[in-house]
Structure formats: C-alpha cells, structure tokens
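Participant: Okay, here's what each chain looks like letter by letter:
There are 4 protein chains.
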Amino acid sequence: MALKTRNDYVASLSRMNRRVFIMGEEVENVADHPLVRPSLNACAMTYELAQQPAYADLMLATSGLTGQRVNRFTHLHQDTADLVAKVKMLRLLGQMTGCCFQRCVGMDAFNALDSVTFEMDQALQTEYHARFRRYLGHVQEHDLVVDGAMTDAKGDRRLKPSRQADPDLFVHIVDRKPDGIVVRGAKLHQTGALNSHEIIIMPTQTLSEEDQDYAVALAVPADAQGILMIYGRQASDTRRLEGGQLDVGNREFGGHEAVIILDDVFVPWERVFMAGEYAFSGLLVERFAGYHRQSYGGCKAGVGDVIIGAAQSLAQYQGTDKAAHIKDKIVEMIHLNETMYACGIACSAEGKPTASGTYLIDPILANVCKLNVTRFPYEIARLAQDIAGGLLVTLPSVKDLTNPEIGPYLEKYLRGVDLSTTEARCRMLRLMENLTLGPGAAAYLTESMHGAGSPQAQRIMLARLTDLEGRVQLAKRLAGILDRPTQ
Amino acid sequence: MALKTRNDYVASLSRMNRRVFIMGEEVENVADHPLVRPSLNACAMTYELAQQPAYADLMLATSGLTGQRVNRFTHLHQDTADLVAKVKMLRLLGQMTGCCFQRCVGMDAFNALDSVTFEMDQALQTEYHARFRRYLGHVQEHDLVVDGAMTDAKGDRRLKPSRQADPDLFVHIVDRKPDGIVVRGAKLHQTGALNSHEIIIMPTQTLSEEDQDYAVALAVPADAQGILMIYGRQASDTRRLEGGQLDVGNREFGGHEAVIILDDVFVPWERVFMAGEYAFSGLLVERFAGYHRQSYGGCKAGVGDVIIGAAQSLAQYQGTDKAAHIKDKIVEMIHLNETMYACGIACSAEGKPTASGTYLIDPILANVCKLNVTRFPYEIARLAQDIAGGLLVTLPSVKDLTNPEIGPYLEKYLRGVDLSTTEARCRMLRLMENLTLGPGAAAYLTESMHGAGSPQAQRIMLARLTDLEGRVQLAKRLAGILDRPTQ
Amino acid sequence: MALKTRNDYVASLSRMNRRVFIMGEEVENVADHPLVRPSLNACAMTYELAQQPAYADLMLATSGLTGQRVNRFTHLHQDTADLVAKVKMLRLLGQMTGCCFQRCVGMDAFNALDSVTFEMDQALQTEYHARFRRYLGHVQEHDLVVDGAMTDAKGDRRLKPSRQADPDLFVHIVDRKPDGIVVRGAKLHQTGALNSHEIIIMPTQTLSEEDQDYAVALAVPADAQGILMIYGRQASDTRRLEGGQLDVGNREFGGHEAVIILDDVFVPWERVFMAGEYAFSGLLVERFAGYHRQSYGGCKAGVGDVIIGAAQSLAQYQGTDKAAHIKDKIVEMIHLNETMYACGIACSAEGKPTASGTYLIDPILANVCKLNVTRFPYEIARLAQDIAGGLLVTLPSVKDLTNPEIGPYLEKYLRGVDLSTTEARCRMLRLMENLTLGPGAAAYLTESMHGAGSPQAQRIMLARLTDLEGRVQLAKRLAGILDRPTQ
Amino acid sequence: MALKTRNDYVASLSRMNRRVFIMGEEVENVADHPLVRPSLNACAMTYELAQQPAYADLMLATSGLTGQRVNRFTHLHQDTADLVAKVKMLRLLGQMTGCCFQRCVGMDAFNALDSVTFEMDQALQTEYHARFRRYLGHVQEHDLVVDGAMTDAKGDRRLKPSRQADPDLFVHIVDRKPDGIVVRGAKLHQTGALNSHEIIIMPTQTLSEEDQDYAVALAVPADAQGILMIYGRQASDTRRLEGGQLDVGNREFGGHEAVIILDDVFVPWERVFMAGEYAFSGLLVERFAGYHRQSYGGCKAGVGDVIIGAAQSLAQYQGTDKAAHIKDKIVEMIHLNETMYACGIACSAEGKPTASGTYLIDPILANVCKLNVTRFPYEIARLAQDIAGGLLVTLPSVKDLTNPEIGPYLEKYLRGVDLSTTEARCRMLRLMENLTLGPGAAAYLTESMHGAGSPQAQRIMLARLTDLEGRVQLAKRLAGILDRPTQ
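For the protein sequence lines, the chains are A, B, C and D, in the order given. The numbering used here applies: residue -16 is where the first sequence begins, and numbers increase by one. The numbering used here applies: residue -16 is where the second sequence begins, and numbers increase by one. The numbering used here applies: residue -16 is where the third sequence begins, and numbers increase by one. The numbering used here applies: residue -16 is where the fourth sequence begins, and numbers increase by one.
Treat the hints with caution; some may be incorrect.
In this list, chains with the same sequence are indistinguishable; a pair is considered to hold if it fits within one copy or across any two.
Think about it this way: if two alpha-carbon atoms lie no more than 20 Å apart in a straight line, the pair counts; the simulated EDC-like pairs of lysine to aspartate or glutamate are [stated by the list, open to error]:
#, residue 1, residue 2
1, Lys310, Glu362
2, Lys395, Asp450
3, Lys335, Glu269
4, Lys305, Asp15
5, Lys382, Glu9
6, Lys395, Asp247
7, Lys310, Asp139
8, Lys335, Asp62
9, Lys382, Glu11
10, Lys310, Glu31
11, Lys310, Asp450
12, Lys160, Glu110
13, Lys382, Glu225
14, Lys382, Asp401
15, Lys335, Asp65
16, Lys310, Glu452
17, Lys395, Asp139
18, Lys305, Asp139
19, Lys71, Asp311
20, Lys160, Glu253
21, Lys143, Asp15
22, Lys305, Asp450
23, Lys382, Glu8
24, Lys395, Glu8
Quick caveat, the hints were computed from the structure, so don't treat them as lab data. Nothing here was measured: the structure is a model prediction, and the numbers come from that model.
All chains, full assembly: derive it from the sequences and hints.
Facilitator: Listed below in structure tokens is the structure:
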C-alpha cells in the first residue's frame, strides 16, 4: 500500500539532509523547529485524514497509473468527479487546519505536467511524458510531498529573463551534460517548502526563443546538492517561540513560506521534463495556474468556515449573536464564502479531458474562482473584525492573564456572557487575530491575492479566453445591425 | 412527437378564449398585440431552438414519464446532467433573446410539485403525486407553456393571510365541492402570463393551520372561467406602438408582466395538487424557489453576454475599445457574469435526488446564486453605461434620424470611427438603453432583484441552511477551547 | 431688481424664435410642448424659490459686479461661503424637483470663464475678461438661463479634432471677420438646452497648436441664426403625451437633453471669450469641470433624498418599514447620499480664490466628489428597488386602475396596509420607476456617470493632481530608506 | 508659554509613579520600554511639530480660556476654522508617524465635556462647567496628554450595567464622600494610555435612572492610587525586542492599547464632571463620539497617504509603476482616502456653536465620515497588498539578509529594478506588512472599525439624526399624493 502514516511522513523528512536557514541560522532538525512544526502539522493532516475511513472518498483515489489506492494529492484527475473531489478535499483540510496545508501545489504541478509533456511529445517528438509518469509513479509509491516551484525572482518586471541585469533572476539552465542539466536561480514564495520531500521546478511565464534556457521543468529532491532554503518570516511568527499556546491563536497549525536558492543544481535527465521547449512554457504555466486557481475555491472556503465559526462564537460569548446586524453579517460572510466554493465546484464540474486523458478544469471559471478569492476573503475578514470587536487588538498577553496580581482583574473584566467564557473568549480572539492580522492572514489574505497569480493575471486570462466578438454578434443581431466586420 | 413548432404554439394560443386587459382595454387577439408580441417571440424561441439539431442536447430531454423526447421546459430532471443542461439552455436563450423568455417558471413548478406531492402522499396518504404526473404527461404531450403563479397580493406584510383586512389578499379556497374546489384571489408579477396555455397556482409562503385554506396548489387553463389578466406596463413600453423599430432597442424580443385575477375559479380535483395540507406549503415554496434561484444563474448570464457584447460594440464604434480602462471594465463585466453562471452550474452539479427520483439543486448554492444575481447585474449595467457614454440618454429619436432636414446633421455628427457606424451606433445605444434603463432593465435588473424571492428571502435561507454551530466547533477545536455547550 | 418671476421667465422664452425639433417635427411653441414642459417647470423652480424669503440666503447673492441682489445661478463665487451655498441650493432644488433643473451648467461656465479669461489676458495681453464680465452683467441684469455647451461630437475618440475624417466633429472657427467669427459643429448632451436664453460654447478638451481653431469660447442667443436644437428622447418620455399623470411618476418635473447644431453661426467679437488661445483650452475645461463636479454633490444628493423618501414611503405602505433589513438599507442609502454631499461641501469649504478674485473649489476633492457620484446613485437605486418590491415593474397602467371592470380588482388587490394606500402606493411606485428605470434614471444614473466628465476623466485628474512622490517620501522616511532619487 | 518640548514631555512622564504591566511583568520606566517607546515617539510628535513654525497654524491655537497660544490638542474649538484645522493637523500627524499618535482622544473629551457640562448646569443647576474649565486651564498650562477613557468591559451585551452578573463590568461610583467619590471598574481599549499624564473617565452609553451610579465623568492623574494599566499585545509587537529595525517596518513609530483597571480610585470633587446625572450620559457619549468620528477623517487619511506612498514606492522598485492597472489601483486608493478626508472636512466646515460657545461638528456628516472609515482602509490595504506582491509575506528576516552565507543570495535575488533597491525594497515591504498585517494594521484597520464606536453605532446615529419623514414628504409631493398622516 502506497500510503504513509503521519509519523512515517515526519520521520522520512527527518532523514533528509536539507540545508535550511531560519532567522539567520542554519537549522539541523527542521521538522522540530517551533516555527516550522505547525506547518508540518498542517501538511501532515493530508496523511492523517487519508487514514480515516470517513474521509476515504475525498482523500484517496485509484491511481490511473497503477490502479492502486493513492493519496489524492498524488493523483492525476481521471474525470470531473475527481476534480470536484479535489475541491471538497481542500475545503475539508482548510476546515481542519485553519491555514494552508501546502500539498496542493505539487498535485497541481503533476496534473499540469502530465498533459503538457504529452502534448509536447506529440508536437516535438520529445520523450518527456513517459519520463514524467515514471517519476509520478515514484511519488505515488512513496506518498511524497512535492513542492511545485514556479515564481522566479523576476527583478525588473519590465524586462525579459535574459535582458535582466543579472541573468540568474529567472531560473535557467547553465550547463547541459550527457547525464543531465545544471540549473541556477531562485524560486520565491515557496509555500511549505520545508515540509517537502521533492521540488518540481517550472518556468514562471511564457518565454520566447531568446529565453529558451529559461524553459526548464524538472524534479529534484529537496536535499539535492546546491539547494538552500530560507524561511520567510510572517506577522507574529515568533509567538511560537514564547511558550504558552494561547497567544498564537491557532494552537497546532500554521503555514510557512520560503525562498529556495538553486546554486548550480545538477538534475539527471530522468527528472527533466522540459529543457528548452520555450513554445510550451506558456501552456505549462497556464495549466498549472488553472488547476491552482481551482484549488483556492476549496481551501480558502475551508478557512472561511473557520473564520465564520470564530465570528459566531465571539458573538455568542458577548451576547450579540441574536442582534439583527450581527446575523446579517454572518450571512454575508457565508454568502461570500460559498460563492468562492461555488466557483471552485463549477470549474471542476465543467472540466474536460486533455489529450493525455487527464482532466483539466474549465479555464474561464477557474480564473473567475481565483479572482473572487482575491476579494472576498478580505471582506470576510473585515466583517469578522466587525463582529469580533476592538478587543481583537487590545487583548493583553497570556502572561498577563496568568499573572497572579493582574490575572484576576482580567478574568473579572474580560468575561462575556458568563465567567466561564473569559478564557474561551481570549482564545477565540487570538484565533481571529491570527487569521485576520497575524500569520493566518498572510495565507488567508495576502496569499489569496497573489498565490496562483495576482489578480491581474486572472484578468488577462479572462480577456484572452472570452469570446468577446461572439458576444458583439449577439448584440448586433438583437439590435438589427447588419453584420459588417468591425475593425 | 410531442414537440410543437413555433407556429403551432402561436396558433394554439390564438385559439384560447382568454380575458386580457392592456392599458385599460380588453384585447381580443392577445398574441398579435404589439405590446405582447415581442414577449411571445421570446417565449416562442423555446420552441424554435428545440427544432434545431444544433441545440437538441440542451433543448430536448428524454421524458422520465414516457421515454419520449420532450422539450426540456416540460421535463423532470433525471440527474445532475439535466440540472446543468437546464442552466446552459437558459443561458443560450438569454443570449438569443436579450430578455426574459418566461417559460422556466412552469418548468420549475413541475419539478417542485413532483417531489413535494410525492412526499406529501407518503406523509399524509394523499394521492397528489400520480395526479400531478398525469397532468404533466398532458403538458409534455402537448408541449405547453405553463405559468407558475406564486406571489400573492400580500397586503400588509406584517399580517398572515387570514388576518388581513381582506381575506382575498392571498389566494384561497372559498368552496370545496364534490368535483373540485373554487379559489379566489390574485397572483401578481406573473411573467409571461399572456403567453401561457396554463397556470399553476402555488402558495407564496409557509402557512400555519389557521391559514390552511390558503394551502392550495393547482393547474388551470389560462382561459378558465373567472380568470382575468391585466398587463403591467414597463418603461418605454409604448415605443412598440410608434412604428419604427430602432427606438425600441431590442427589435424582436421583450418580456411582459401581468396581474392574474382569480375570481371564483372552479378547478376539478384532477388538477388540484394541494388543498389544505399547510404543513407542506413551506416545502413547496422552498423547492420551487430553489429551482428558480438556480435558473437565474443561466438566463441572466445570457442577457449579461448581450450587454457585454453591446458595450464592446459601442466601444468599437467610438474607437475606445483598446483603452486600458475600457478593457478592464469589460473584463470586470465578464467576471461578474461568469460568477453568476458558476453559481448556477455549481448548484446543479451538486444536485441530489429527491424521494420521487426527480433531482433537486443544492439549496445553499442555489440561494448563493440568486443572491449574487440581485447584485451583479446592477454593477454590470453600471459599467455598461460607463462604456456606452452619455449618448445613451441624449440620442434623438428615429424620426429625427430620418427627418430630411435634421437627419443629415445627425448622420454627420453622431458618427463614430467612420460614417458607416452612425446608424449601427444608434441602434446599439437603443439596445443598451432598453437593457439598462428601459423594459429590458425591468427584467435584467428589477426582476433579478425580486424574481424567485427578494434578496432577504435568500439570506433567510442561507441562515437556515448553514450549519453555523458546526463552524463554531471547527473554530473552537483550533483555538483549543474545551467543548462546553454554548447558550 | 434683476430677478425675474417664473412667469416672466416662461414668457421671455416664448418670445424667442428658436428652431427646435422634437421627435422628427419642428416645434413652434417649445415651452408648451408636453415633452418639454416638465423640464421647464424644473428650471423655473430656480426662479420660484428665488422669490421666497425662506430660501433667499441660498437662492440669492450679492453680485460682485454690481452689488445688486442676483439669482445665485448668475453669480460669481466671492468666497467659500458662496461655494458652500451653491451646493446647498442645488440640493434644495433636487429635493423640490426630483430631477435635473439644468441651470447650474451656465453658472459653472460663468465662474470658469471669469478666472480663465483673466489669466489669459494676463498671459497673452488679450482683452477677454472685461468683455466676459460685461456679458455676465447682461445675464445678471436679465436673470437669464444660459446653457453651458462643452461636449463635442468627437467621432473617433483616438483622433484629435483636426485629424477627424470630418473637421466639424468638434466645434471650430470656420471664418474670422472684422466684426466677429463664424463657428460650425455640434454640441451633444445639452441638458436643458430648450429652456435656455443663451448658449455658452466652450472647447471640450485640451488642444494643441494644430487644433487652434477649435479653441473657441463664446456666447450666443439660443435663437441665433444657424442654431438648431434636437430633442433627445429618454425612457418612457411619451407617457407625458398619454394624459393621466399617474403613470409619469414625477407629475410636474423632468429633464431633457438636446443636440445643438451650429451651422455656421456668426458671433460678434463682444461675445467671444476665446478664439485660438489653445494653450488655455485645457485650463478652461478643467475649471468648468471642477465646478461642475462640485455641483453633483448637491443636486444628486437632493434627488437622493427623494428616492430615500420614496423607498421609506413604499415600505410604510407595505408594512415593512420596521423590518431590520429594510431599516438597514435605508440607512445605507442615507450614508451613501450624505457621503456625496460631504464631498460637495468639502471641496467648497476648501475653495481658494483665483487671480480674478472668483473662488474656485478644491480640485482634488471636487473630482473625488464626482467620482463617488458615478457610483453611489446606482447603489442607492439598487437598494431602492430592493425595498420597492417587484410591483415596481409589474404595475398596470392608470387606465387599468380607472377602468370600471378591472379598476376595482386592482383597488382591492394592490392595497397595502389599508385601502387608502392603494392609489398612493401606485403613485409612489411610478415615481420610483421614473427615478430608477425611467426618464428620472437617465438623469439620476446615466447623467451622474457622464455629466461633468465620465469617471475616467476624474481618475486622470486625481492622478495628475495628487502629489504621489510626496507620499513616497513619507513612506521612505518611516521605513528608514535613504533618499535616493527614484527613476 | 504653555508649550512643552518633546524632552520635557518624556521627562514629565518619567517622573510619574504609574503601575503598568507589560507581558505579565510590572515595568518601572515605562517610557523606555521598547514595546512602548515607538508609541511614545508618535505621541511626542504632537509636541515636536508644535515647536516648528511651519506647522504653527495647524498645531497651535489661541486658547479661548486664556488667550495664550496652546497646543491644539488641548484647545476648545472656537469656530469652524478650528474644526477644519483639527482634521488637517491629524492628517499631518498620520503622515509623519504612519500610526496612531493617541492624543486626539483627550482633545475630543475636552470639547465634549465643555458643552455637556454647560448644558447640564443650565438644566440641573449643577456647577460642573466652571469646574471643568478650571481643569482644562491646568491641562493647557502644563500641555498635558490626557487619555479619554470611555469603553467599559460590558460583559453580556444584552444587559444594562446594573443587571450584569458583576456590577463592576461598567465603571461606577462605589462611594460618595464629602471630598470626592470612589469609582471602580475597568476601561478597555485605551489607546496610548501609557503615554498619558491624565485620564478622563466618561460613561460608555446612554443610561437610565436605575444605572445612575454609572453616570460618572471625571479626571484623574494616570498614577492615582488604585489605577493599574495592562498593555494589550498586537501582531508582531515583539519584533521591537529583537534588535534590528528593518523587520519592524515602521522604525520609529507605533501605537499601543491598554486595559485600565480602576480599583476603588478616589477622585476629589474638583475633578468630577458628572456624578449621577444619567439623563446627560447619552449626550456626553454622543458629543464625544461625534468629535472622535470627525478625527478619523484626518488621522486615517494621513496613514492612508503613507500606504499609498509605500505602494507606489514598491511598484517603482519592481518596475511596475507605469502599468495601467497599477496606476488605476493607486488612483482608487487616492480616491477612497480623499473621500474619508472630505467627510472629515465637511463635518467640520458645517460645524455649529453649542450653548457653551464651543463648536461642534455636524453630527450626520461626522457619522458618515466614520462609517466610511470602517470600510475604505480595508479596501486601501487590499489594493496595497495587490501592488506590493507576494513578497510581502514571504520575505526572510533581517538576520537572513545580513547572514554572511545567505545574505548575498538574498541581495542578489531580491533586487528590483537595480541592485541598490534590494534593501530599500525589503524595508518598504516590512513597512507595508506593518501597516496591513502587523501592529500598524491593528490601528489602521481594526481600530478604524471600532474606534469611536463600531459601525453599527454610526448606523444607529444616522437613523436617528436623519429626517426620514421629511424625505417621505418630498417624495409624496412629487408623486402627487395628498398628505395624509402615515402610521
């Protein structure tokens, strides 16, 4: 059976020799670091739930490669039911962790690479597809977490990769050898990188011929020679180091981001899935982005459920949950949250098979999904803060709450509808702070904005994918205008 | 074959002896009246497209009752594919007519009555379901248009039906006879009533025991004794009477609304589907509303396509279509339009079978769909007016355009990018005026607000359908709060 | 005394020999035409209220030219109190008429021309300022209504005036004679033109040297040789011709728009205020637009008050005015309406004197004011339609209401909280229809969008007027970044 | 001269014997504590700028009590120019500090107490006004910072103060003595409390007779016997403790919040300004809230300027500042920011004198101002995060940037348009993080929501202050409805 337990997962990470820096220091046992552990817990939830029969339909799938039951995070979508199940799985995990659980990036990279390598082979007589599927078989067999690394450093946004002052600002091939290639550069914004066994590198944008060395896709172990990872710090992250779980809000779970430096990393051909085929770079970006824009309709709706629950809970503690305006705000939060989810479901249900047989989401609806995700979480968070009250940003620390002199005062004065609610209210306020102003907000808000492409990227896709001239013809027909070609 | 042609449809209406008043006068041949004809054209499009092989998948379905191919507007949804096809059919019709084509109300009433009569029979040992299915067989066989009449006059909204100053302000049974019942009252806001062969009457809200005589569902021919229909006038409607199609904007198509008076109408038992079973009134309203809220994700997206096309067209005529801010507004319109559609698709794809076997939409997502429809068309219309420019409300009449003295001036000065665009631009402006300020706006905006229930109705449903306490538990688990029951 | 009565105003218009076309026919007595009369009533309200002592502070001002009391609509603003009073006067008139009363355009043109001619004279040793002030003295003495005509036909928006296929698509000087100039072209979107004694022509955009013949500002009587006016039709306008005031909604008042054709109109030098000074064209446009963008913070807030009142009234008739969600929507309408007004007040209170002594609004805040006006009325109208209910677009005509057979049915079924409310409710619904879907909406919505410049014009001004680099420096100082020049 | 220097201010605070707890420990020299110092710097800016001639007009005023020049923060507004100057002063300070500078609460309390004590004396023959003015003379003379403490603990929001399970959940008089009163309770959300010389206590809501002991207003020194202050922690606050200014974002400035415990504090009559006059409690709350809602139109616009500058700066560093969509987002941020400011100016310019001579803002417009402030900063922050890019939440720490092994990698890969921008870009990202996700966001977002009352409080005021029936009459007049009284 190809499924790891949570413990096996953690142990397997610990066996790796990765180079990781956190807050200026190199860290030996990454998995035990208190700034990483919560994110590891979140990622490990993808293993835990896969072991629970109640969630088997969502968490497991039958591999199209082997017929074995595999974790859905390593699965190629075989039909629209798979696409829908993915969204529901992500919502479930968002609900259970209240944060980003990181593993969908690899899944989205697998599905994108599968169809693109197939089409590339057909067009260019390359042999990437079989190679990629062999690699994926390995991933499924060992139930691996794979980081999908796309975003380059980019430097001056007005310039193409090879025109940058420093040619390394986009990852590129610096050497081609008989047994493989050598790449250099950096990938930014690598969500959950420190919890991954492997890294898939992909180009970050459509490339032209002059930038063909930048058209590179490959997989490397996270502890390959030449790879450095640097932890990106987020709001309130060091509360994890203080001891005392109350102030961190989300006790067990969290996320992290990292910069990955690729300092002349060698990759054998067996793990290279694109090396110079610039004409397919745009397609790979688009496919990956399409899947990943779908993902947000699941995971962020799951985190939204937690925020809605936290807001309702705070209202109950304060005795305001029956007030008409509070109920109305809760309904508005639900409405916005379900709209995002609806878009995730719709782009899945309207999916179509690609040439390789793997199913692709409907690209218009997936872009619509993500574009809503760049807006609604911010409004949900705003409404949640409205309901939560000012104590969200004025609450003393847990050390005050437990101080023998002032603790009793706080116990007395911070109570809500009854005394038993004081601590619960404080805990819930810290959870809400985490999600709307702290590290949780980095994922729920900022990452909703920029993950899978910033909103302008979705807008450009909508402009490109929509048959605007067809709509012009609809209008002209109704208006009684003879069809003359417009300029 | 159970499918009528367009001509047969029109002829069948003409054979009826309906009593219809338009602008204070009783009208003999309703179908030929210029204020009704455009709406008839729109409804007839549901027959026309059903004859075209290209649209057969959307327009036709295999009846679950007879196995025959029937118009989808008379069909009981057999699976989620049927639910999805319904939404796509409605979008297509919205695109082809640029208005409300009226026939979905009956379809939604059929599907709601099917499952509710089944469940009523199971609970109360009544015999409504078989009766209803016989009736539906008749509808399918003759390919009828059936109005679904729900909204009562309501009077003072604070009072229950029987507490109103006038007991007739809600339709109710005034006599029960051996062979049938007699009903009295009025149904307001009856979209497309003048194009219907039949009328299905349903209660408008959840009723309690004291209002059991108001718990009545039935079907009557539109020309039954005691039925009067009164045309509701809308913005700019009489431009249809002026001659000269340009000023009407949407040349061929339109909608209409009517008040239906039920002045002691007798209905034989064979056509009665609820008569006193007040406990099932709420369920019927909810089921019908659920289907109808789904509908809006299709038809309004179709009209939205027309508006987007009209806006783009006007920008082309003026030479502004390449301006960044115009392109951005077009994208925003697309985004909002597709979000509504996505919600329509999602609530369909997530449909589930009812006890009768007929499929029901996902109720949360259907309410979310409609709630978005109460907002986004207004914003789309606003953006469309932004792109259209002020000429939208300052354009002289077609009589000026064709006047020998001033026509040439207008031809000269109202041109856009070239002379050939003057008339086309005027036509397109009138279409846009129709859709955002005229009779088209009555359907695209106001009916989007109130059709299938006003936004507050959707909000109440969202509050009721959402497992809010479950979300509270999610938050408490993450915050580390022991599960004590909250008050 | 320089103040006309309402009757004198109407009589003075009737004495003019203007050439006006309405719906394809030339009209003799324009002021009596039923399509024009309501707009005349609205404009005449600027005379009526000026006669009432209660409104003297707002309606009258002491002329800076003569020391006489004049109608504020002919006044040059002497201080910020004048600017504030203007906004309040416009709100009052919006409240009293529920529509556009048209006379502010001239007022805004006067104030713009005053400072621009002064500065032009200073820079170029021209003599326009004294000439303009003589002209304004004439306007004040005779208490005239003057149309301010700015918007040209424009043709292809990508091309400058002289590059258009037809050089007349922008108004320009076609001949310069010893005693005056001859101009040709057309001005579109001329609000209230048919109620004006005079027309002030101004350029519509910043011009360069090659377009110097388009840099022309002047005043002509509305009945000058070569001027034609063509009425622009709007939604539901012909209801005015049906007899029976109920269906028109706003019984007495309305607006109108017109195209003005200038077919080689001669203008003596004494009435020419710019003729070739292209370098000042942009300044004139900007000054006029600034004043006019301020205006919208007054008049539209006044109409907003009417819509809020109509919505509240409809809620009362239906018995829903105490429902929490209705009250909340009313508050939201008030909030948006007062925000527009606040911006109008703020740009006035922050006004500064120009070189000529005449006060100018704060340009940033005036553009902010107008930009809000391109949004909030649409949302207010949406909320109003939400409260009004579906009857807004399904109500039968007054001829049905008074028909002996069906009138009693409608009286019975359209009642609200009591029988006495049936007719009132119908009247109020028609007023709301007028304001949100009919001719009132043309002014309240579309004209709010495009009048005084479309929203993009305001955005461009905001970008230009804001000291963005100063804000960058603020941020850099706080972030501790050394001040190096940015590129 | 009554003006303190910055140093005198800090020294005067240091001389006080306050009891302050921070993170569970009692702190001796509060002003030197690194978690407090930045907020002290911000508050001290109100002294620094008052010493600079360039800002004298805004920062200083001529006391209506003594004729001396005093810091405007201790001034009673003598006219609308004072009210306008206040808003401009607050915007200036927001620009200079990028955070809350805390001192306006006292100013708003002074102005509220001045008119309310006057009116209370008139109605009840009490002697509070003279007493209050003597106290204010002392404040002006010593140029003090005074905290205005209003918000009580509140417990169960459904219950009145005396009905709470614990009577101390609202501050109340527990003893009345010949020489003064004793009060007990707590005030939450005390912005800047640790930087104040004095505390003014006010009731938090309208009280009825049974709660008359809760109707208490007074002033106490911050180090009075029985007062404890407890620091409220905020996102990322402990970065101030790490050393290395880069990660804190806003190097020098910040805010803080505190809980103030009043454990049987004695207050001599000379400092008591309300003691049982419950009928004036609501008026005091309303006046204070009115002034404070005005304040937000200044300070938050000032912080908004910093965010706009930071966003523009980040766009410049990345080379995206010329992209159309970026420019458009900057304009939108400006628009929203200036709308808030416009409301602040408008409610000031429309101010009116109270009976005591002190000027009061226009209450409708002040509530409108604050209600916009509960929305627009969230949207501005969202747009700022859009422009800033994902690096906002993935940037490594300053310790990584300066680490000898990985620092050079980060220097290489985090550059923008040129190498010199790497550090600047990181600094600016941290400033933006501070303002939209960190401690700055607590003030810019959450405090904008709840400070001076949560949005529902503003909505209730708008409902109460608006003449809704007058608007109904406007609509009825236009609709031609006879004036019958409505129910």
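Participant: Hints the structure violates: just list their numbers, smallest first.
Facilitator: Structure breaks hints 2, 4, 10, 14, 19, 21.
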